[in-house]
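Enquirer: For reference, the chains in residue letters:
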Amino acid sequence: MAGGKDGQAGLRVVGRAHRKIDAVAKVTGQTRFADDLSLPRMLYCKLLRSPHPHARIVRVDTTKAAALEGVVATLTGRDLPTPFGILPVSQDEHALAPDRVRYVGDPVAAVAATSEETATAALELVEVEYERLAPITSAEQAIATAEPRIHDYADRGNLHKLIDLEFGDVEQGFAEADLVREDVFFYEGNTHLPMEQHAALADWSPDGKLTLWSSTQTPHYVHKALAKVLELPAARIRVIACPNGGGFGGKSDPFNHEVVVAKLAMLTGRPVKITLTREEVFYCHRGRHPVLMSVKTGVTRDGAITGMHFKSLLDGGGYGSYGVASTYYTGALQTVTYQVPRYKFQGARAFTNKPPCGPKRGHGTPQPRFALEVQLDKLAEQLDIDPAEIRLRHLVPPYTLTANYLRVGSMGLGPCIQKVLEGSGWHERFRKLPYGHGIGLACSSYISGAGLPIYWNSMPHSGVQLKLDRSGGVTVFCGSTEIGQGSDSVLADVTAEVLGLDPGDIRVVTADTDLTPVDLGSYSSRVTLMTGNAALQAAERAREILAEHAADKLGIPAQNVAFADARVFDIADPERGMTFAEAVQTAEAAVGTVGTVGSYAPPRSAGRYRGAGVGPSPAYSYSAAVAEVEVDPESGIVVVPRVWIAHDVGQCINPAAVVGQVEGSIYMGLGEALMEEMAYREDRNVVHKIPSLLEYKSPTTLEMCDVVTYLIEDPDPNGPFGAKEVGQGPLLPVPPAVANAVYDAVGVRIDEVPITPEKVLRAIKRRGKGEAGRVGPDSFPDIPWPEPIRVPPPWEGGDGKAVSGEPARPVEMRTRRGDQG
Amino acid sequence: MSVSKATIRITVNGDPVEVAFAPHKTLLEVLREDLGLTGTKHGCELGECGTCTVLLDGTPVLSCLELGVACEGRRVDTVEGMARGPALHPLQRAFAELGAAQCGYCTPGFLLTAQALLEQHPKPTRQQIKEALAGNLCRCTGYLKIYQAVELAAAWLRGEDERPGEEALYGRR
Numbered sequence: 174m175a176g177g178k179d180g181q182a183g184l185r186v187v188g189r190a191h192r193k194i195d196a197v198a199k200v201t202g203q204t205r206f207a208d209d210l211s212l213p214r215m216l217y218c219k220l221l222r223s224p225h226p227h228a229r230i231v232r233v234d235t236t237k238a239a240a241l242e243g244v245v246a247t248l249t250g251r252d253l254p255t256p257f258g259i260l261p262v263s264q265d266e267h268a269l270a271p272d273r274v275r276y277v278g279d280p281v282a283a284v285a286a287t288s289e290e291t292a293t294a295a296l297e298l299v300e301v302e303y304e305r306l307a308p309i310t311s312a313e314q315a316i317a318t319a320e321p322r323i324h325d326y327a328d329r330g331n332l333h334k335l336i337d338l339e340f341g342d343v344e345q346g347f348a349e350a351d352l353v354r355e356d357v358f359f360y361e362g363n364t365h366l367p368m369e370q371h372a373a374l375a376d377w378s379p380d381g382k383l384t385l386w387s388s389t390q391t392p393h394y395v396h397k398a399l400a401k402v403l404e405l406p407a408a409r410i411r412v413i414a415c416p417n418g419g420g421f422g423g424k425s426d427p428f429n430h431e432v433v434v435a436k437l438a439m440l441t442g443r444p445v446k447i448t449l450t451r452e453e454v455f456y457c458h459r460g461r462h463p464v465l466m467s468v469k470t471g472v473t474r475d476g477a478i479t480g481m482h483f484k485s486l487l488d489g490g491g492y493g494s495y496g497v498a499s500t501y502y503t504g505a506l507q508t509v510t511y512q513v514p515r516y517k518f519q520g521a522r523a524f525t526n527k528p529p530c531g532p533k534r535g536h537g538t539p540q541p542r543f544a545l546e547v548q549l550d551k552l553a554e555q556l557d558i559d560p561a562e563i564r565l566r567h568l569v570p571p572y573t574l575t576a577n578y579l580r581v582g583s584m585g586l587g588p589c590i591q592k593v594l595e596g597s598g599w600h601e602r603f604r605k606l607p608y609g610h611g612i613g614l615a616c617s618s619y620i621s622g623a624g625l626p627i628y629w630n631s632m633p634h635s636g637v638q639l640k641l642d643r644s645g646g647v648t649v650f651c652g653s654t655e656i657g658q659g660s661d662s663v664l665a666d667v668t669a670e671v672l673g674l675d676p677g678d679i680r681v682v683t684a685d686t687d688l689t690p691v692d693l694g695s696y697s698s699r700v701t702l703m704t705g706n707a708a709l710q711a712a713e714r715a716r717e718i719l720a721e722h723a724a725d726k727l728g729i730p731a732q733n734v735a736f737a738d739a740r741v742f743d744i745a746d747p748e749r750g751m752t753f754a755e756a757v758q759t760a761e762a763a764v765g766t767v768g769t770v771g772s773y774a775p776p777r778s779a780g781r782y783r784g785a786g787v788g789p790s791p792a793y794s795y796s797a798a799v800a801e802v803e804v805d806p807e808s809g810i811v812v813v814p815r816v817w818i819a820h821d822v823g824q825c826i827n828p829a830a831v832v833g834q835v836e837g838s839i840y841m842g843l844g845e846a847l848m849e850e851m852a853y854r855e856d857r858n859v860v861h862k863i864p865s866l867l868e869y870k871s872p873t874t875l876e877m878c879d880v881v882t883y884l885i886e887d888p889d890p891n892g893p894f895g896a897k898e899v900g901q902g903p904l905l906p907v908p909p910a911v912a913n914a915v916y917d918a919v920g921v922r923i924d925e926v927p928i929t930p931e932k933v934l935r936a937i938k939r940r941g942k943g944e945a946g947r948v949g950p951d952s953f954p955d956i957p958w959p960e961p962i963r964v965p966p967p968w969e970g971g972d973g974k975a976v977s978g979e980p981a982r983p984v985e986m987r988t989r990r991g992d993q994g
Numbered sequence: 007m008s009v010s011k012a013t014i015r016i017t018v019n020g021d022p023v024e025v026a027f028a029p030h031k032t033l034l035e036v037l038r039e040d041l042g043l044t045g046t047k048h049g050c051e052l053g054e055c056g057t058c059t060v061l062l063d064g065t066p067v068l069s070c071l072e073l074g075v076a077c078e079g080r081r082v083d084t085v086e087g088m089a090r091g092p093a094l095h096p097l098q099r100a101f102a103e104l105g106a107a108q109c110g111y112c113t114p115g116f117l118l119t120a121q122a123l124l125e126q127h128p129k130p131t132r133q134q135i136k137e138a139l140a141g142n143l144c145r146c147t148g149y150l151k152i153y154q155a156v157e158l159a160a161a162w163l164r165g166e167d168e169r170p171g172e173e174a175l176y177g178r179r
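Chain order of the listed sequences is A and B.
The first sequence lines up with residues 174 to 994 when you count with this note's numbering.
The second sequence lines up with residues 7 to 179 when you count with this note's numbering.
Since the hints were made in silico from the structure, they are not lab data.
Take these hints with a grain of salt, some might be off.
[Claimed, not checked] Take a look, some chain A residues computed to stay more than 10 Å from chain B by CB distance:
| id | residue |
| --- | --- |
| 1 | E717 |
| 2 | G765 |
| 3 | D856 |
[Unchecked claim] Restraint-style ranges between C-beta atoms, simulated for each label pair:
| id | chain 1 | residue 1 | chain 2 | residue 2 | range |
| --- | --- | --- | --- | --- | --- |
| 4 | A | L212 | B | D21 | 23 to 33 Å |
| 5 | B | R169 | A | V682 | 52 to 62 Å |
| 6 | B | D21 | A | N733 | 26 to 36 Å |
| 7 | A | D351 | B | R179 | 36 to 46 Å |
| 8 | A | G609 | B | R132 | 17 to 27 Å |
We treat Cβ as the ideally placed atom computed from N, Cα and C, and that holds for glycine.
Kindly produce the complete structure, drawing on both the sequences and the hints.
Expert: Written as structure tokens, this is what we have:
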């Protein structure tokens, strides 16, 4: 399919680069972020956070703080006893810790005062007596330490979640292989680092209604959490997600501070605002899990995979967050790029006394993708096959089912690989560059939205209402949340395309639980596909109404009515017609006020086993990347001058926005590959070493590489106009491509990220001494895995259900539990 | 906790302004809280991210590190004053056309830093742009569209009839 400017036949908006609808507000400073809001008589809230990684709270006394002039209210854990959490299976957080703190930064008490300075001063007056408990500082220590337990729920001791899934007999696969490799990899945790610090403002009305404005990516889930914890009817709570100043997954949980300001507003009858400091943003975290991985893969001489056994161990931090879903995701998408006939996945998530990990761009999949793509590079070398060739030979065919029952639709990875090979001059350069210079290839795939919602329900994932005004104005209402990825624009673009308008003609009202139908939120790269489809349905219904009555007026059949350039006309005689506004007036005169709704629910998943809820998606995007590196063997410094990336987005809605998402993904992947890490002092304190923007290294303009982007359009029938995701997938191939390029440049394997100069230098020195030129973990610990859930793959006669290993429970309950993210 | 207020006279976006505030306040706080100019954002309030950049007598400064009382008699320019009457400043237009603003939070700081650069260097090299913007962090764009937007705006400011590059809008064919 031809991409870009010329686009799909007949499309006038979709596929053509244009200004995003919020661009002008953003370049003029008019966009109102949460901290930009203030209300009369507003109070300022501050949270007192634990200085200990693990402790019992013996006593909290806010008497002196409450007595300070200007302090209006204080709160402790006793005031908000109901637990909450993003997943139904992990309701393990409290707005303020009632009896136990689990990481340095866990909130213990809150103060509302007439100024931020007074609130800060009052925190000093809160008395807290702690009884310190031994902290668990690493996932390995959590395995070894069953008691004391960080939480009183977990699959085993301090192992929050244990998964064992088997799709066919991998041992038989290894027996049939010509070569079997087992490698161990580590992917360090890192954080989202949105430029906007989280902020929330709550307002209570004496008529019993609560409003919360917040920098959240998931207003619907915040809405549910507030209703639960505050014990208010949800219909009396209004959550408005302000445009997020960057999210990347870091604003997807319901947060302590949101609940606290809401409660304080209810208690004081005054608006209450909180803006987290940058240091507090590091404590909120919910970022990339550190993951230790073992991958054993068997291949035939031509590189066909005969079996894969993947093990992952996640350091989850102090709370559940999305962790159950994250754990499943470290094992879910291995099967959608290259054919894997037999697959076994074992995953474990440990509780530790660190800020909780959660979903960051790529949610649980960049880590295994790093392992998989680096190991494939090693396998290709051993088999003497070009790394591109080994991938191209064994691509998953489009429109097939994988071993773990993921339904692959359109699949453009082949063209993606070809593009980056051509662009980078791969065949002239791979293994042919001088010492210190190298190139590396890696590929990946990502979901276009999760197939299941976070909590079990059978309602749509996205809803849209369309209001057509007799002025000709069209307003789209949708619960989706603009976090910079362009979700507001997608609604306008799709609506404009169907109704023959310009996106600039459309008004969009989003992310307000009072005004907009539910959309589940900006996570799992779901928005373009799901809200796009909901908007498409609403707009097509509106078009049908307008066409019917315009046809009556023009005396032609409804199917001959065309919409373009803000006109509605006879397709056979374009001069005969009316303005769009006249078409609305005609319809309104005939049937009354014109409005439509649209909604979207993903297709039913094929897998019916416990854990099948994570991985299914209406469509998978594909990416291939070649990274070029320059490695200084004296210093170990790795410079990445350029990345070539091809991304199969199905169909661009707005190509300029797609290119922007690709470039931003490469940037974030580059940071993870080379420098970004959540580092802790792992003594009894477990303090974050670097909770500041200066010390947490992220790429500036001086480190960012050039990016050559190719957009591949292999339309997927499930996407609006064929569109798939772009916001997360292109990040995934960057770290392994860089690691593979470092090997090409200096012959050393850095089997963990970030690939720091110190590690590169250490590997080069080892190689110089005749040892293996490698830095990375040496072993994967023994874990008490549960009985495996055995699911025969489709080609072994499986029907998606487990044949053993599952407790006897109704299938519906098993497959549709809240194990989702 | 009350302190007597300091009063200063400054020129903000061309308008003479007299403003009273607690004397410990930074220029960032005075702009956002006392003058209602929330277009200037903050990312750390420690001088680490460049988000709060404004122009002080035409020079980019981190408003979170500048005391309000130190600005007496000086000229402050913020993103709210960039547009030329009803029309966008060429930098604003270029950022909008190319998608150089994604979440838009760091954008005001980038725009003002770039404005100062273009006043000094009407035709900056890519390297000059990178160096001028090295103190501003952006987590969304990877900076590339920002460079392209600065180059496009520079051309417009020089009176050239430049158009957004095809590759910037559609990727490489």
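Enquirer: Take the hints in turn and mark each one as holding or not.
Expert: Hints and how they fare:
1. E717: About 33 Å separates E717 (chain A) from the closest Cβ of chain B, which puts it past 10 Å; holds.
2. G765: Non-interface label on G765 (chain A) holds, nearest chain B Cβ at 38 Å vs cutoff 10 Å.
3. D856: 26 Å, holds
4. A:L212 with B:D21: 23 to 33 Å: 26 Å, holds
5. B:R169 with A:V682: 52 to 62 Å: Given about 33 Å between the Cβ atoms, the range is violated.
6. B:D21 with A:N733: 26 to 36 Å: 57 Å, violated
7. A:D351 with B:R179: 36 to 46 Å: Holds: the Cβ-Cβ distance is about 40 Å, inside 36 to 46 Å.
8. A:G609 with B:R132: 17 to 27 Å: Check passed, 24 Å falls within 17 to 27 Å.
In this structure, the hints that do not hold are numbers 5 and 6, in rising order.
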